[in-house]
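S.K.: Residue numbers (the numbering used here), protein chains in the order written: chain C, 242 to 563; chain G, 242 to 563; chain L, 242 to 563.
Fair warning: there could be bad hints in the mix.
A pair holds if it fits inside one copy or across any two, identical chains being indistinguishable in the list.
Said to hold, decoys possible - With a Cα cut of at most 27 angstroms, we get these calculated DSS-like pairs of lysine-lysine:
#: 1; residue 1: K310; residue 2: K263
#: 2; residue 1: K372; residue 2: K361
#: 3; residue 1: K333; residue 2: K252
#: 4; residue 1: K333; residue 2: K378
#: 5; residue 1: K363; residue 2: K352
#: 6; residue 1: K263; residue 2: K372
No wet-lab data here; the hints were simulated from the structure.
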Amino acid sequence: MENVVFFQNSKAIALGKLFPDKKINNKLTILNFRTLKKSSSRDITFFDSSHYENDAIKTKAACCITNEKLSIHLPKNCIKIIVKNVLFEVAKILKKIYPAADIDTLDIFLKKPNKLKFPKVKFGNNVLLGKNVKIGKNSVIGNNVIIESNVLMGKNSVIGSNIHIKNTVIGDNVVIQSGCMIGLKGFGFIPMKDKNLKMPHIGKVLIDDHVEIASNCTIDRGSVDDTVIGKNTYLDNQVHVAHNVKIGKNCMIAGQVGFAGSSTLGDNVSIGGQAGVSGHLKIGNNVKIGGGSGVVKNIEDNSIVMGYPAIPFKKFIKNSKK
Amino acid sequence: MENVVFFQNSKAIALGKLFPDKKINNKLTILNFRTLKKSSSRDITFFDSSHYENDAIKTKAACCITNEKLSIHLPKNCIKIIVKNVLFEVAKILKKIYPAADIDTLDIFLKKPNKLKFPKVKFGNNVLLGKNVKIGKNSVIGNNVIIESNVLMGKNSVIGSNIHIKNTVIGDNVVIQSGCMIGLKGFGFIPMKDKNLKMPHIGKVLIDDHVEIASNCTIDRGSVDDTVIGKNTYLDNQVHVAHNVKIGKNCMIAGQVGFAGSSTLGDNVSIGGQAGVSGHLKIGNNVKIGGGSGVVKNIEDNSIVMGYPAIPFKKFIKNSKK
Amino acid sequence: MENVVFFQNSKAIALGKLFPDKKINNKLTILNFRTLKKSSSRDITFFDSSHYENDAIKTKAACCITNEKLSIHLPKNCIKIIVKNVLFEVAKILKKIYPAADIDTLDIFLKKPNKLKFPKVKFGNNVLLGKNVKIGKNSVIGNNVIIESNVLMGKNSVIGSNIHIKNTVIGDNVVIQSGCMIGLKGFGFIPMKDKNLKMPHIGKVLIDDHVEIASNCTIDRGSVDDTVIGKNTYLDNQVHVAHNVKIGKNCMIAGQVGFAGSSTLGDNVSIGGQAGVSGHLKIGNNVKIGGGSGVVKNIEDNSIVMGYPAIPFKKFIKNSKK
Chain C
242 MENVVFFQNS KAIALGKLFP DKKINNKLTI LNFRTLKKSS SRDITFFDSS
292 HYENDAIKTK AACCITNEKL SIHLPKNCIK IIVKNVLFEV AKILKKIYPA
342 ADIDTLDIFL KKPNKLKFPK VKFGNNVLLG KNVKIGKNSV IGNNVIIESN
392 VLMGKNSVIG SNIHIKNTVI GDNVVIQSGC MIGLKGFGFI PMKDKNLKMP
442 HIGKVLIDDH VEIASNCTID RGSVDDTVIG KNTYLDNQVH VAHNVKIGKN
492 CMIAGQVGFA GSSTLGDNVS IGGQAGVSGH LKIGNNVKIG GGSGVVKNIE
542 DNSIVMGYPA IPFKKFIKNS KK
Chain G
242 MENVVFFQNS KAIALGKLFP DKKINNKLTI LNFRTLKKSS SRDITFFDSS
292 HYENDAIKTK AACCITNEKL SIHLPKNCIK IIVKNVLFEV AKILKKIYPA
342 ADIDTLDIFL KKPNKLKFPK VKFGNNVLLG KNVKIGKNSV IGNNVIIESN
392 VLMGKNSVIG SNIHIKNTVI GDNVVIQSGC MIGLKGFGFI PMKDKNLKMP
442 HIGKVLIDDH VEIASNCTID RGSVDDTVIG KNTYLDNQVH VAHNVKIGKN
492 CMIAGQVGFA GSSTLGDNVS IGGQAGVSGH LKIGNNVKIG GGSGVVKNIE
542 DNSIVMGYPA IPFKKFIKNS KK
Chain L
242 MENVVFFQNS KAIALGKLFP DKKINNKLTI LNFRTLKKSS SRDITFFDSS
292 HYENDAIKTK AACCITNEKL SIHLPKNCIK IIVKNVLFEV AKILKKIYPA
342 ADIDTLDIFL KKPNKLKFPK VKFGNNVLLG KNVKIGKNSV IGNNVIIESN
392 VLMGKNSVIG SNIHIKNTVI GDNVVIQSGC MIGLKGFGFI PMKDKNLKMP
442 HIGKVLIDDH VEIASNCTID RGSVDDTVIG KNTYLDNQVH VAHNVKIGKN
492 CMIAGQVGFA GSSTLGDNVS IGGQAGVSGH LKIGNNVKIG GGSGVVKNIE
542 DNSIVMGYPA IPFKKFIKNS KK
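Sequences and hints are given; from them, build the entire structure.
M.R.: Following this line, the structure appears as structure tokens:
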């Protein structure tokens, strides 16, 4: 499931062409842009925060966009592209390799489902499927649903109505209620006066078995990495999950909760309604976050927090009594 | 309006079959699962919180799932099913009686509207209606709208586009703007490792006359009870109303407000944008709740509150000046 | 772009007919209802808050609905209609001039796009266009999209799927992701027992070049004035923009942010996720508002604020450490 790739480049690209200003042997070529962790020796990657030092040390990538300071952590045989603004360079290179990943334009392969290809799937009215879509047996797709090319869905899953899904892998026994928008490009760009540089999003959304996602949720696909909803995790209505967020197993996320990009949640986490989790945080296992909280720091396993900013629950109650 | 029932079982079920582990005379039968208040002598009910003691004393139900401690409040002739985890047992029994109420799968009766049946209703493009849908004269239905079986709608009501409605009764002169999802299953389940037990939702949504609901709102149907939006109450965009919430008459609910399950609001309540109301609360008449507040306690009639957690408005202003 | 008008009355109306209880020479006629600023000598306007004193002094309107106290600021030759409840009178008069502006009913001109008229536009499936819709070359419209009469859209713009747009002018190179509802009537009414008086909304939404609006956002059209999203401003998922809000250029608005009506933002403003901005505020240029903040006061240029209510960021951090 995690190895499915939506944006796949299959033609070798000379590194010298990607970086015309750098002196690089033009015989060196790469295929794809991947994370530090997932890169093979034919891939290019990036490294822009010391959070990812452990991944950097072990990366197999042929080449890495990074800055002077971080570059020392990379393996010797990894070609370093040293720049000042790593994400700006990443956006430019991604756009060169995957020119269609920065704007979600129309999937031209969309067609009404060929029922011979899906004899055991029930379809509502006005369903459109892209090419290579796979849907497991006994799954049900509602009305006015768009499932774009290469989306994979397991068996016994139920998709509601008025839904748009792309760049997503869905497991078995998943329920997605009406009005959800899943796998669209996330909120990523390099601010530039009068014309921002849009960050191409080449990741996907992974929705594991037994997940339930209620009405009008939005789950953006990952930028380079993936967005993940773990097994048996339930999301209530109007939850917003930004790019690269990883939610563990058996979590309960109440209505209108929002996650900024790249945060990671453990298993058995429960979050009350309207809480918000800032970007790039690590929330441990068995954490409980009270409704309306604003989480701005990492949270250790088994903690209970509440408040804005979120603090240990007992302290919050004490402060509230003042 | 409140007597309409969407999940109706019409074949007597032996209590002994529902509870094979209990010793129950198999000649005793029930028809439906109802609330303590609405049960007749042919119904089964449940009682899991002392909040509902007054209803328990007066219930006419033939049988009640409850725990040891609460069972003393039930009438003598009501058969008590004593269990440790009341909601877990309720979920299992509901699933037995109403096997299709725990996942919102495709309504197979959906068809384009037969205009002969609705001579005085205007329909947009791509409308789908289930069986037994009733729509009053001079009502207007937009485009890409799904109205599932047995939904009732009064006259002079205007439904926008890209909307999904099920298990709902709508009054006269109601306006529902585009993107709303109404009457879908709420966020209810018994957490279980790797495979939660979904709580079947057999209630409905009641939307009274002159209500206005703005774009992209989500209003879940009740679990056993109903979700209610009272007469002349207006909801702004992106409001989330969870199962069993009851909102009174003449209320004003601003954008992005969220209600957790089973709270009750009086009449003439106004709530500012992004406020949240926790579950199982009682908000009185003429209450004003400031924008962004988090309400975690009952609120008396005529109060003005603000803050997170919400406190009397004057105190909030005083605290803010510190 | 700003001069486009959706609700246009072209037949002179005698002022005496609009205000039968006032003694007005019946030969005086007006055409349209406009803001103080935009009124010409054939228009009627309203003035209900001292915030707009500067506009009142210079208005060219033939007639103005106002109260006793404010009326002194209006030009001598402007006919003053003095009332106690200005907005109540405005709602009644708007309803007389524009009887269809208070409920978003079905656009009867919607049709599948005539591809001969749009040779350079790509359309998905089930698109409906009203009359006089203009779409620039190389623009792309997704599936299940409704674009109502008189909407204008520039070139190279990409509209996702399951979207409803009306009363809106969209620039070039704009991206709108799936599930957005744009240009619908805002949340405005005069509260009245059992039957509120709906405020007709005759304004529009202006979306300037290079704007990006992510999934499931709602942007209401202006009431008398317009709602504006400035050039190169980006909105993340599930943002709610109420009527008459004006957002400047190059702003970044994160997920689930909400704006109450009639606030104005400068350029280069960035707002973190789930923050809320109250109504009728003025937020300066280069302001940064932290995630989850509740802004209830005007904010000066170059400020950084956070908190609920929002205060200077340094003070918020200091308070949080208590």
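S.K.: Each of the hints needs a verdict: does it hold here or not?
M.R.: Comparing the hints with the structure gives:
In this assembly of identical chains, K310 and K263 lie within 27 angstroms of each other by CA distance solely inside one copy; the values are 18 angstroms within and 70 angstroms between copies. In this assembly of identical chains, K372 and K361 lie within 27 angstroms of each other by CA distance both inside one copy and across copies; the values are 18 angstroms within and 24 angstroms between. In this assembly of identical chains, the alpha carbons of K333 and K252 lie at most 27 angstroms apart only when taken from the same copy (18 angstroms versus 55 angstroms across copies). For the homomeric pair K333 and K378, the shortest alpha-carbon distance between copies (26 angstroms) is at most 27 angstroms, but the shortest distance inside one copy (41 angstroms) is not.
Taking the closest pair of Cα atoms, K363 and K352 come within 27 angstroms of each other both inside a single copy (16 angstroms) and across two copies (15 angstroms). Taking the shortest alpha-carbon separations for K263 and K372, neither the intra-copy value of 39 angstroms nor the inter-copy value of 54 angstroms comes in at or below 27 angstroms.
The structure does not agree with numbered hint 6 stated previously, though it agrees with all others.
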